[in-house]
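Colleague: Take a look at the letters that make up each chain.
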Amino acid sequence: MKPWKPSRIYVEHSEIDTPLVRRLQSRLPEIPLQPVDDLRSAEPDRFDDGKQMLVAQRHRGTFLQHCPAGTSGLVCCNYLVMNFGSNCPYDCSYCFLQEYLANNPALKVFTNAGDGLTEVDTVLRARPERTFRIGTGELADSLALDHLTDLSCELVPFFAERSNAILELKTKSNVIDNLLRLDPKDRVVVSWSVNSAVMMREEEPGSASLDERLAAAAEVQAAGYKIGFHFDPLVAHDGWEEAYRDTVTQIFRRLDTRRVAWVSLGSLRLTSQLKALIRQRPQVSRTALTELVVGDDGKERVWRGLRVKMYRRMLQWLRDVDSCLPLYICMEPASVWEKTFGMIPSDRQVAQRLVGAEA
Amino acid sequence: MSRAIPLNIKEFATQRHYRPATIERWLALAAADGQALLDLAAEMRLGENQLSDLWTWAEDVARRDGTSLADVLTSAAMTAARKRAISRNDRLTLVKQELRRLRYPHLCATEERLLELLHRLELPRDIRVALPASLEGDHLTFQFVVTDTKQLRRIADELKRVADSPACADIFALLEEAP
Chain A
1 MKPWKPSRIY VEHSEIDTPL VRRLQSRLPE IPLQPVDDLR SAEPDRFDDG
51 KQMLVAQRHR GTFLQHCPAG TSGLVCCNYL VMNFGSNCPY DCSYCFLQEY
101 LANNPALKVF TNAGDGLTEV DTVLRARPER TFRIGTGELA DSLALDHLTD
151 LSCELVPFFA ERSNAILELK TKSNVIDNLL RLDPKDRVVV SWSVNSAVMM
201 REEEPGSASL DERLAAAAEV QAAGYKIGFH FDPLVAHDGW EEAYRDTVTQ
251 IFRRLDTRRV AWVSLGSLRL TSQLKALIRQ RPQVSRTALT ELVVGDDGKE
301 RVWRGLRVKM YRRMLQWLRD VDSCLPLYIC MEPASVWEKT FGMIPSDRQV
351 AQRLVGAEA
Chain B
1001 MSRAIPLNIK EFATQRHYRP ATIERWLALA AADGQALLDL AAEMRLGENQ
1051 LSDLWTWAED VARRDGTSLA DVLTSAAMTA ARKRAISRND RLTLVKQELR
1101 RLRYPHLCAT EERLLELLHR LELPRDIRVA LPASLEGDHL TFQFVVTDTK
1151 QLRRIADELK RVADSPACAD IFALLEEAP
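Protein chains in written order, with the working numbering: chain A, 1 to 359; chain B, 1001 to 1179.
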């Protein structure tokens, strides 16, 4: 995978003299920085155009938020997300950002990450009895731009010194050079979104191949990081059983299961608007062509019996590898947890089980 | 099928007050696909929303199977439904069912298997049973009305018989996990 490079860079005028912008300038000297006063003028009309550019700007809102998966009626793992930018250079057909960022699609990095860390520090100090799981891969890929921003060089040392938080860096890239030079002190999980081979090949343009992701995971694991995997979205395409089983086999042929912090499963879920956007993509996507039905929350998924079947098969294959792997499912009601795991954990129990995996 | 087909898409769609954007999209289709859609729309006297639903499903099937919209709309199953000598509304229902079966083959096969098992329960007419909508659940809803204890006892006996039947166990197993 070639490291991503923008075709143009816009910088908020007031942020020109920040360390991040100086770094961008030194790493990409061939791309002139374009200062802008009004950030709206940098927003492209088309979503795909937003992935070709980079906007460096100050973030003026809060950095730390509760994961939106904590929707009423669904079992929640009490995950917090921290946004140091928005949008992603990869072009996954099913990505919710196509809808979520439709009106502001420019790929952004925030110049004031330090403010975000101050915010996190305040929260961690206020609740020393609780262990937080905090991720940066919700509105952006955690590592895809790390070769340009060095953000991990701020995040990893910060979390390495905190006893009541675990940082998750979630990615589809193999950009790990910075990580290999840092000591996570067991407080950082690097996780990869993975899928069946056909999904990764055809539906995740620009991202690293499974081989590249696993090679990176093995290196990072050897460097002292715990590893995570997210089989999300699981898609009921033709041959899904064999295809997902093969991915499970490939992953654990190369990695030490004792250093795996968690594996999550999540079924494909689409709003009607996102489905319409997928249908408009130039390449035919198999994600919107699967047999989806509308659920109570208005999102389309494969019907419940098929979701349970997919989760049970995945669970079986993962437990065949190692019965102690910490597993959870994402954005599902208690009834689906019960059918999958044979029990309904409370939100707190799920969260505790996952942070317990760090010991 | 013997109904006269309008000469062109624009004429038909304008007569039926379709939105310009829909007409434009229709006209942009390959000639055979546009004509197949026109044949269906005219034959069934479809309003824009009715056509849109069928069009979306047919297009999804065509994309998934690597075939054309015309091929889907003139497939054997669709042609048989369109040729049935029944009222226009019943024919439209049948056409929708056939297209849904093409679009959601596994879901429809599961639904059909469940209906077959429900039939095997041989429920009396005064006990109604419903599957969860779109199979998004693992429950059955039974409905009955009683006006005295004798009726209630009879219903309870029937429900006990049903609960003990292998078909009932198969239904719950199928609702819990897809085949």
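Just so you know, the hints here were simulated from the structure itself, not pulled from any lab data. Be aware that a few hints might be false.
Said to hold, decoys possible - Computed Cβ-Cβ distance ranges for the label pairs, DEER-style:
(1) A:Asp49 <-> B:Arg1025: 19 to 27 Å
(2) A:Pro205 <-> B:Thr1056: 50 to 58 Å
(3) A:Arg130 <-> B:Ser1165: 29 to 37 Å
(4) B:Gln1143 <-> A:Thr271: 55 to 63 Å
(5) B:Ser1165 <-> A:Glu338: 19 to 27 Å
(6) A:Lys185 <-> B:Ala1028: 34 to 42 Å
(7) B:Lys1083 <-> A:His66: 12 to 20 Å
(8) B:Asn1049 <-> A:Ala222: 56 to 64 Å
As the list claims (entries may be wrong) - With a straight-line cut-off of 30 Å between C-alpha atoms, the simulated DSBU-like cross-links for lysine-lysine are:
(9) B:Lys1160 <-> B:Lys1150
(10) A:Lys185 <-> A:Lys170
(11) B:Lys1160 <-> A:Lys275
(12) A:Lys275 <-> A:Lys339
(13) B:Lys1150 <-> B:Lys1010
(14) B:Lys1083 <-> B:Lys1160
(15) A:Lys299 <-> B:Lys1096
(16) A:Lys275 <-> B:Lys1010
(17) B:Lys1010 <-> A:Lys309
(18) A:Lys309 <-> A:Lys299
(19) A:Lys185 <-> A:Lys339
(20) A:Lys299 <-> A:Lys185
(21) A:Lys275 <-> A:Lys5
(22) A:Lys339 <-> B:Lys1010
(23) B:Lys1083 <-> A:Lys309
(24) A:Lys339 <-> A:Lys309
(25) A:Lys299 <-> A:Lys339
(26) A:Lys309 <-> A:Lys275
Claimed, not checked - Covered stretches of chain B, as calculated for chain A (at least 3 residues, CB under 8 Å):
(27) 1023-1032
(28) 1045-1052
(29) 1060-1071
(30) 1104-1111
Ideal Cβ positions, reconstructed from N, Cα and C, are used throughout, including at glycine.
Colleague: Are the hints correct? Go through all of them and say.
Modeller: Hints versus structure:
In this structure the hint that A:Asp49 and B:Arg1025 lie 19 to 27 Å apart at CB holds, the actual value being about 23 Å. Checked against the given bound of 50 to 58 Å, the beta carbons of A:Pro205 and B:Thr1056, roughly 25 Å apart, lie outside it. Separated by about 51 Å at the C-beta atoms, A:Arg130 and B:Ser1165 break the suggested range of 29 to 37 Å. For the hinted restraint 55 to 63 Å between B:Gln1143 and A:Thr271, the CB-CB distance of approximately 32 Å leaves it violated.
A C-beta distance of roughly 25 Å is found between B:Ser1165 and A:Glu338, which places it inside the suggested range of 19 to 27 Å. Between A:Lys185 and B:Ala1028 the C-beta distance comes to about 59 Å, which lies outside the given range of 34 to 42 Å. Between B:Lys1083 and A:His66 the beta carbons are some 56 Å apart, a value that contradicts the proposed interval 12 to 20 Å. Our hint of 56 to 64 Å for B:Asn1049 and A:Ala222 holds, since their Cβ atoms are close to 58 Å apart.
Of the supplied pair hints, the one linking B:Lys1160 and B:Lys1150 holds, its CA atoms being roughly 15 Å apart against a limit of 30 Å. Among the hinted pairs, A:Lys185 with A:Lys170 is consistent with the structure: their alpha-carbon atoms are about 18 Å apart, no more than 30 Å. For the given pair, B:Lys1160 sits about 44 Å from A:Lys275 by alpha-carbon distance, which is inconsistent with the 30 Å threshold. Proximity of A:Lys275 to A:Lys339 is assessed by CA-CA distance (about 28 Å); at most 30 Å being required, the pair is judged to hold.
As the CA atoms of B:Lys1150 and B:Lys1010 are separated by approximately 65 Å, the hinted pair breaks the 30 Å bound. Distance hint between B:Lys1083 and B:Lys1160 is unfulfilled; the C-alpha atoms sit about 44 Å from each other, more than 30 Å. For the given pair, A:Lys299 sits about 22 Å from B:Lys1096 by alpha-carbon distance, which is consistent with the 30 Å threshold. This hinted pair checks out: A:Lys275 and B:Lys1010 have alpha carbons roughly 28 Å apart, not beyond 30 Å.
Using a Cα cut-off of 30 Å, the hinted pair B:Lys1010 and A:Lys309 is violated, with the two alpha carbons roughly 47 Å apart. Taking the CA atoms of A:Lys309 and A:Lys299, the gap is about 19 Å. The hint holds against a cut of 30 Å. A threshold of 30 Å between alpha carbons decides the hint, and for A:Lys185 with A:Lys339 the separation of about 37 Å lies outside it, so the pair is violated. Proposed proximity of A:Lys299 and A:Lys185 is contradicted: the alpha carbons are some 39 Å apart, above 30 Å.
For the hint pairing A:Lys275 with A:Lys5, the CA-to-CA distance comes to about 29 Å; that is within 30 Å, so the pair holds. Between A:Lys339 and B:Lys1010 the alpha-carbon distance is near 52 Å, which puts this suggested pair outside the 30 Å criterion. In summary, the hint linking B:Lys1083 to A:Lys309 is not supported, as the alpha carbons are separated by about 39 Å, beyond the 30 Å threshold. At most 30 Å may separate the alpha-carbon atoms for a hinted pair to count; A:Lys339 and A:Lys309 meet this at roughly 9 Å.
Proximity of A:Lys299 to A:Lys339 is assessed by CA-CA distance (about 20 Å); at most 30 Å being required, the pair is judged to hold. Between the alpha carbons of A:Lys309 and A:Lys275 the distance comes to roughly 23 Å, so the proposed pair stays at or under 30 Å and holds. Proximity of the stretch 1023-1032 of chain B to chain A, defined as three or more residues with a beta carbon under 8 Å from a beta carbon of that chain, is not established by the 0 residues found. As drawn, the stretch 1045-1052 of chain B meets chain A at 0 residues by the rule of a beta-carbon pair under 8 Å; below three, the given contact is violated.
With a threshold of 8 Å between beta carbons, the proposed coverage of the stretch 1060-1071 of chain B by chain A holds, since 3 of its residues qualify and at least three are required. Against chain A, the stretch 1104-1111 of chain B contributes 5 residues with a C-beta closer than 8 Å to a partner C-beta. That satisfies the three-residue criterion, and the hint holds.
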